[in-house]
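Asker: Sequence:
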Amino acid sequence: MMWLGARCYPGRPQFGPIDAAQLERYGFFKYLGVFGVEKGTVSGARTFLRTSRALLAQPGAMLWLTPQGRFADVRERPVNFAAGLAHLAVREPEAMFVPLAIEYGFGQERYPEVILRFGPAKSGRSLGANFTEVQASLEAGLESIQDALAAEACNREGTLFETLLQGRGGVSVPYDLWRRFKAMWNKEKAALNHSSCL
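Its first residue numbered 2, the sequence shown is counted upward by one per residue in my numbering.
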């Protein structure tokens, strides 16, 4: 996500919470703006809110997180968030909250595609008057764009998406070498991407 933030919002500081135990295991994440939070504890919730609010006080700062508080399947319904994000929105009424849906799927190539859809940005204040309203609004917002992205991903209409990072196409090294040789022999350009062959 930090790559996506740097690509779409260059120059803005990027941060994100992770389970404190995992951060100890993968310490290099600390250098990428990731901070540790003890899962399932009151002190962890306090740390999340205190650290998040301090980071968001920086001009242009962005906070990336999995609002369920864990990795969740994109098809899981209803969407249920951990309480932290709604508490943060109540305490930061001017902060902007942007849902992001992610799909991983296979198109015409051998490697999966990552397909993203941003929802509309909303201020903490516009999400609701209290924790319950804010929580419901955040969950409904993400679920709505997840459903829209799922339909778009199934449609496979390439014009709906903008490519941010292009991977290599092809089937396998030996077969691709054969196709390159054959194309060179016929004085043609080798078309290794399946989508370029359709």
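Honestly, the hints are just simulated from the structure, not real lab data.
C-beta atoms are modelled at their ideal positions from N, C-alpha and C, and glycine is treated no differently.
Careful, some of the hints might be misleading.
To be verified - Restraint-style ranges between C-beta atoms, simulated for each label pair:
#1 Ala149 to Thr67: 13 to 21 Å
#2 Pro60 to Asn187: 21 to 29 Å
#3 Pro175 to Arg71: 37 to 45 Å
#4 Lys183 to Arg26: 41 to 49 Å
#5 Trp65 to Gly106: 18 to 26 Å
#6 Thr42 to Leu161: 24 to 32 Å
#7 Phe162 to Met3: 19 to 27 Å
#8 Asn187 to Phe119: 37 to 45 Å
#9 Pro60 to Arg126: 18 to 26 Å
Asker: For Asn187 and Phe119, compare the CB-CB distance with the range 37 to 45 Å and indicate the outcome.
Answerer: 44 Å, holds
Asker: Holds or violated: the 18 to 26 Å window for the beta-carbon distance between Trp65 and Gly106?
Answerer: 22 Å, holds
Asker: Falls inside 41 to 49 Å, the C-beta gap from Lys183 to Arg26?
Answerer: About 48 Å separates the Cβ atoms of Lys183 and Arg26, which means 41 to 49 Å holds.
Asker: Is the gap between the beta carbons of Pro175 and Arg71 within 37 to 45 Å?
Answerer: 41 Å, holds
Asker: How does the Cβ-Cβ distance of Thr42 and Leu161 compare with 24 to 32 Å: does it lie in that range?
Answerer: 42 Å, violated
Asker: Per the hint of 13 to 21 Å, is the separation of the Cβ atoms of Ala149 and Thr67 within bounds?
Answerer: About 19 Å separates the Cβ atoms of Ala149 and Thr67, which means 13 to 21 Å holds.
Asker: Between Pro60 and Arg126, does the C-beta distance stay in 18 to 26 Å?
Answerer: 20 Å, holds
Asker: Pro60 and Asn187, beta-carbon distance inside 21 to 29 Å?
Answerer: 57 Å, violated
Asker: Using the C-beta atoms of Phe162 and Met3, is the stated range 19 to 27 Å upheld?
Answerer: Check passed, 21 Å falls within 19 to 27 Å.
In this structure, the hints that do not hold are numbers 2, 6, in rising order.
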